[in-house]
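Use these hints to put chain B onto chain A, whose structure you have.
2 protein chains.
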Amino acid sequence: MKKIIVGQSGGPTSVINSSLAGVYKTARDIGVETVFGMRNGIQGFLEERIVDMGQYVRNDLDVELLRRTPSSYLGSCRYKLPEIKGNEALYDKIFDILKKNDIDAFFYIGGNDSMDTIAKLSAYGKEKGSDIRFMGVPKTIDNDLAITDHTPGFGSAAKFIAAMTKELVRDSLVYDIEQVTVVEIMGRNAGWLTASAVLAKGDDNEGPDLIYLPELDFDPKAFTEKIREIQKGGKKSVVACVSEGIHLADGKYVFEMGSHTDFVDSFGHKQLSGTAAFLSNMLSAELGCKTRSIEFSALQRCGAHLASYTDNKEAFNVGGAAVKAASEGETGKVILLERASDDPYVCALGRHDVNDIANVEKKVPMEWITNGGTFISNDFVRYASPLIEGEVSPIMVGGKPAHLVLPK
Amino acid sequence: MKKIIVGQSGGPTSVINSSLAGVYKTARDIGVETVFGMRNGIQGFLEERIVDMGQYVRNDLDVELLRRTPSSYLGSCRYKLPEIKGNEALYDKIFDILKKNDIDAFFYIGGNDSMDTIAKLSAYGKEKGSDIRFMGVPKTIDNDLAITDHTPGFGSAAKFIAAMTKELVRDSLVYDIEQVTVVEIMGRNAGWLTASAVLAKGDDNEGPDLIYLPELDFDPKAFTEKIREIQKGGKKSVVACVSEGIHLADGKYVFEMGSHTDFVDSFGHKQLSGTAAFLSNMLSAELGCKTRSIEFSALQRCGAHLASYTDNKEAFNVGGAAVKAASEGETGKVILLERASDDPYVCALGRHDVNDIANVEKKVPMEWITNGGTFISNDFVRYASPLIEGEVSPIMVGGKPAHLVLPK
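So the protein sequences, as listed, match chains A and B.
Under the working numbering, think of the first position of the first sequence as 1, with each following residue one higher.
Under the working numbering, think of the first position of the second sequence as 1001, with each following residue one higher.
It is possible that some hints are incorrect.
Derived DEER-like restraints, expressed as beta-carbon distance ranges [to be verified]:
| hint | chain 1 | residue 1 | chain 2 | residue 2 | range |
| --- | --- | --- | --- | --- | --- |
| 1 | A | Lys93 | B | Gly1234 | 36 to 46 Å |
| 2 | B | Val1360 | A | Arg78 | 50 to 60 Å |
| 3 | A | Arg78 | B | Glu1338 | 49 to 59 Å |
| 4 | A | Gly54 | B | Lys1232 | 32 to 42 Å |
| 5 | B | Asp1052 | A | Val360 | 23 to 33 Å |
| 6 | A | Glu256 | B | Asp1217 | 30 to 40 Å |
| 7 | B | Ala1249 | A | Lys93 | 54 to 64 Å |
| 8 | B | Glu1048 | A | Pro220 | 36 to 46 Å |
Dumping the calculated DSSO-like pairs for lysine-lysine here, alpha-carbon to alpha-carbon at most 30 Å [to be verified]:
| hint | chain 1 | residue 1 | chain 2 | residue 2 |
| --- | --- | --- | --- | --- |
| 9 | B | Lys1408 | A | Lys226 |
| 10 | A | Lys408 | B | Lys1201 |
| 11 | B | Lys1408 | A | Lys201 |
| 12 | A | Lys252 | B | Lys1290 |
| 13 | B | Lys1080 | A | Lys232 |
| 14 | A | Lys235 | B | Lys1290 |
| 15 | A | Lys232 | B | Lys1408 |
| 16 | A | Lys3 | A | Lys100 |
| 17 | B | Lys1408 | B | Lys1099 |
| 18 | A | Lys408 | B | Lys1290 |
| 19 | A | Lys80 | B | Lys1226 |
Hints in this document: simulated from the structure, not taken from any laboratory.
Heads up, the beta-carbon is just placed ideally off N, CA and C, and yes, glycines get one too.
Just chain A, same shape as in the assembly:
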C-alpha cells in the first residue's frame, strides 16, 4: 500500500481521533507514503475535499495531541450511501476519485451507518474487480454495535458519566433537605451509557438511587411512587439517572409528554423540553420538594480531558489493526474487540465481515436490568469497569487541554 485514505463519520467521541492517529501512525510505520484524509466523511470525499495528513500531523507530538483531541479532526457527516442498484453512477464516481488519487485502501471510522458504507463500497469493488481495500474502524459512544465486545468511544463516555455522576451525587448531599436530582444521559435506543451511571457507586459514594434504561417501558406514576418510597425510608437526597430515550408502553417518548414550548421548528413541529426537565417538573408538582434536572448533553462525547486510557489505547489499536489487515489484503472487514477475561482485563483484536455488523443494534441484556427495571446488575459493573480504567493525561496549555486542529 502506497496511498491510503481515511474518513470519520457520524457523531464524534472523545477518542475518535485516537483511531485516526492509529490509522495514520501505523500506516507511516509500515511504509505507506501518503495518508489522505477526507473532510466531512464520504460527503466531503464526493466533493474531493481531500487533505494530505502528513502536512498537518508532522511528528509524534502531533500524534499524541491528535489522540487527545475530541470531536472528529477531519470533520464528519451524516450521509448514508444509497443502494448500489440504480445508483451506479455515484459508486463509479467514488471509484474514479479513488483511482485518480492512486488510493490502495479506504478506512472509515464510524458506527452502524459507516459500516454500511464499507459494506457497500467493498461489495461494489468486488463486483467491478477492483483491488482497492475497504476497512471499517468502529466507534460510537452508544456501544450499540453487534458482535464486538464493546466499541471504542464508549469507555471514555462511560468514564465521564461515572465521574460526573459521582461528583454530582456529592453535590446533591450538601444540604440537609429533601431533594430529587434527575440526570439525563445519552442513548436513544440502547441504555449502555445510562447504565454506566452505576459505576459512580463505591466505598466513597452512594451512587445514583435509580437508573432507567430505554430497553424497558417507563411508567411515570411508578417512578414517582418509587421516589416517594425512598424518601419515606428516610433518604433525603434522591438521584435518578434516566436515558434520553425512555418511553411509555405505547412507545411515546417521555420528552414528548407535554412541556411544549411556544415555538415551532422549521418543520412546523412544536418543540419539546428534555426528558429530565419534564420529569423534574412533574416530581416537583407531585412530591412538593425541591427538584432539579441535569443533562450531561454533548459533554459526554467531547469531555476528552477525562478520557479512559483503556479506551484511548483500544481506539488507537483498532485503527492500527485495520491498516495491518488491509496491508495483508483484507477488504470488507471491520476490526472488533474480543474480550478474553474481565479480571484481569484482557482484550484482543479480531477481523470480521462488515456485513454482520452494519445496521444491527445491540442493547443492554435484559438480565442486567434489575430491581423491577430501576437498577443495574453487578454483571454490568464487571463488564464496564475495566473500560473506564486509566487516565490519558491531557497536555495542558494555559490551564486548558491543548488540541490538534486541521486548518480550514
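This is chain B only, laid out in the frame that chain A set:
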C-alpha cells in the same frame, strides 16, 4: 487556641474543602488540639451536630483527598442569622454551645451570607465581652465578593467552563452545516463565570462567538439578528454563551419569557424552562437552522477533577491564614486575596473587616464588556487567565476521582 470549630455554608465549590483542609492542617500544625466541624453550617451547630474532625481526617493523605473532594465535606445550609436585636436568645444559645465545648475560635467558609454571620457573631461577642474569635473564609464560584481580588472557587469553575466550552466548540464544528449552540452558564446577577467562556479561545480554538452577561439588558431580537449576521458572513457554527440571569430591559428574566411547562410547583408557580432552552427554541423558529442548548449546570461547581491548582492552593492558604489570624487574636475579619501583579501572577493574603464584605455584590466592570454587550475584553482575560492555571491531579481509583467522605 486549643479548640476551634469550622463550618461551611451556601453553595459548594470544587475547592471549598481545600479551605477546610487549610483550616484543619494549619490548626494542627500550630498546636490546636481539637478541630471541631459543624454539620450543615450554623443550622447544624444550633442542633449541636458537631464532629471531631481529627477522627475522620487522620493523616496527610486524608488531607490531600479532602482537598480534591468537591461539595462541602461537612454539609452546608442556607440559613441566615436574624438581626441581633430581638433575637438575643438565639445568640446566647450559640455562645452557650461555644462555651460548653471550650471553643476559642469559630471559622466560617462561605459567601456573602456567611460573612454576615461572622459580622453578627463577632459583634455580639464584642458586646458581651467574649474572647472567642470569629473569622470569615471566603468562597463562591460566583466571584461576586467585594474588596477581594477574586474568591476561592471561582478559578476552578472558570477553568471547568473554559475547558468544557473549548471541547464543546470543537464538537460544534464537526458537521458542515449551519448550527447554533446556546450555552447557559451560572451566575444570576454577576457575569464572572459566563465571561470565563472567553478563555476557551486560543491558537487551537476559535472560542465562543458571542457572550452575554447579566450586567446589561438583553434584547432577544438583537441577539437573533447578531447570529443571522454571523451566519451571513459565512460562519456555519455559532456558539453563544449566556448567563442564566440575562434579562430584558424591564427586568424580566429570559427564562420567564414563555416556555411554561404543564406543571405548577408547590407554591403554585408555573415552572419554567431554562434560559438556553428558551433561546435555542426561539432561534430554531426564527432562523430555521439546527440549534441546541447546553446547560453546564451544577457540574460547574462540582467538577473537581478539573480544578485549578492556583485556586485549590489559594483556597487552602486562605483557610490557613484565617487560623493564623485568629491565633494572633484577630476577630471579625475575613481573609482576602490581594493581587500584586498579573504576569507573573503574584497574589498575597490580607485581613479585612468582615463588615465591608458582607452583603455587598461585585459585578463585572462595564468597561470589560465589549462589542455592544456581546463579548468580553482582553482586560478580563488578563485578570482571569492566571486563576485557571495549573492542575490538581485527582487521585483516581477504579477510573474515578476518589473523595474523602464524612460518615453519617
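Hints versus structure:
1. Lys93(A) with Gly1234(B): 36 to 46 Å: Cβ of Lys93(A) to Cβ of Gly1234(B): about 27 Å, so the range 36 to 46 Å is violated.
2. Val1360(B) with Arg78(A): 50 to 60 Å: 51 Å, holds
3. Arg78(A) with Glu1338(B): 49 to 59 Å: 53 Å, holds
4. Gly54(A) with Lys1232(B): 32 to 42 Å: Holds - the Cβ-Cβ distance for Gly54(A) and Lys1232(B), about 36 Å, lies within 32 to 42 Å.
5. Asp1052(B) with Val360(A): 23 to 33 Å: 59 Å, violated
6. Glu256(A) with Asp1217(B): 30 to 40 Å: Taking Cβ atoms as reference, Glu256(A) and Asp1217(B) lie about 35 Å apart, which means the hint holds.
7. Ala1249(B) with Lys93(A): 54 to 64 Å: 55 Å, holds
8. Glu1048(B) with Pro220(A): 36 to 46 Å: 42 Å, holds
9. Lys1408(B) with Lys226(A): 23 Å, holds
10. Lys408(A) with Lys1201(B): 17 Å, holds
11. Lys1408(B) with Lys201(A): 17 Å, holds
12. Lys252(A) with Lys1290(B): Roughly 23 Å between the alpha carbons, so the hint for Lys252(A) and Lys1290(B) holds.
13. Lys1080(B) with Lys232(A): Holds - the C-alpha atoms of Lys232(A) and Lys1080(B) are around 28 Å apart, at most 30 Å.
14. Lys235(A) with Lys1290(B): 41 Å, violated
15. Lys232(A) with Lys1408(B): 18 Å, holds
16. Lys3(A) with Lys100(A): Roughly 11 Å between the alpha carbons, so the hint for Lys3(A) and Lys100(A) holds.
17. Lys1408(B) with Lys1099(B): Answer holds: Lys1408(B) to Lys1099(B) is near 25 Å, not above 30 Å.
18. Lys408(A) with Lys1290(B): 22 Å, holds
19. Lys80(A) with Lys1226(B): Measuring from Cα to Cα gives roughly 34 Å; hence the hint is violated.
Checked against the numbered hints above, the structure violates hints 1, 5, 14, 19; every other hint is satisfied.
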